[in-house]
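Visitor: Sequence:
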Amino acid sequence: MHRAEFERFHLLYNQRLTSYVFRCLRHLPYDRRRVAAEDVVGETVELLWRDRHKHRVPERVMYRIARCPAARKFPPEKEPLALEEPPEETTDPMEDVEDLLTLEEEFAKLPEKTRRYLYEHKGLGKTAQEVASGAGVSKGAVTVSVSRGLRVLRGAFESLRMVLDLIRHILPVLVFMSESTRIWQWWS
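Residue 47 in the numbering used here is what sits at position 40 of the sequence shown, and the numbering runs on without skipping anything.
Note that these hints are calculated values from the structure, not bench results. Since we're looking at a predicted model, the values are computed, not measured. Think of the CB as a built atom: it goes at the ideal place given N, C-alpha and C, for glycine as much as any other residue. Be careful, since some hints might not be right.
Claimed, not checked - Taking CB as the label site, the calculated pair distances span:
1) K146 - V64: 52 to 58 Å
2) A115 - Q22: 37 to 43 Å
3) S166 - R122: 18 to 24 Å
As the list claims (entries may be wrong) - Mimicking BS3-like on lysine-lysine, the simulated pairs with C-alpha atoms at most 30 Å apart in a straight line are:
4) K133 - K120
5) K146 - K120
6) K116 - K146
7) K146 - K129
8) K133 - K116
9) K80 - K61
10) K116 - K129
11) K146 - K133
Could you put together the complete structure from these sequences and hints?
Guide: In structure tokens:
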């Protein structure tokens, strides 16, 4: 009976406490952080269970209790860690250029007012009220125009991105098939 009560207690607090401790230990690498969080949570739940009669509502103290073993066992490094080898570049740098060109083309297709509102609001960082007072329109007109413009840009951007991805994946296959056909023709 005593073990079943502890298991219920553990299940009740384990998930929230684990996510909290995981965030507290964000200075650790991911795989080490997961193991460290399990260790700290186990110790914290045991402390909470041992002193459960002292605390009417364990949630009020469990986070404070968890911070102590986390800081004691896994303190942040005083010295910065040695720089590791930078990860190998996995994305094509041309994708950024393509994205920028696509954005410019689609932006040019928008109505003049929408372009101006988008530029001032998102590009210059003005509030919708500032843009509206400068243009002599209501704030609602600016926000509606900006949201419509963004929706159009996102839609066009996603469809273009899909087409470019298809081309990137299908083109090598087509080239390979055409070369293999030439090889077979030459061989026979």
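Visitor: Now tell me, hint by hint, if it's right for this structure.
Guide: Going through the hints against the structure:
{"no.": "1", "hint": "K146 - V64: 52 to 58 Å", "result": "violated, 45 Å"}
{"no.": "2", "hint": "A115 - Q22: 37 to 43 Å", "result": "violated, 50 Å"}
{"no.": "3", "hint": "S166 - R122: 18 to 24 Å", "result": "holds, 20 Å"}
{"no.": "4", "hint": "K133 - K120", "result": "holds, 15 Å"}
{"no.": "5", "hint": "K146 - K120", "result": "holds, 13 Å"}
{"no.": "6", "hint": "K116 - K146", "result": "holds, 23 Å"}
{"no.": "7", "hint": "K146 - K129", "result": "holds, 15 Å"}
{"no.": "8", "hint": "K133 - K116", "result": "holds, 23 Å"}
{"no.": "9", "hint": "K80 - K61", "result": "holds, 25 Å"}
{"no.": "10", "hint": "K116 - K129", "result": "holds, 17 Å"}
{"no.": "11", "hint": "K146 - K133", "result": "holds, 12 Å"}
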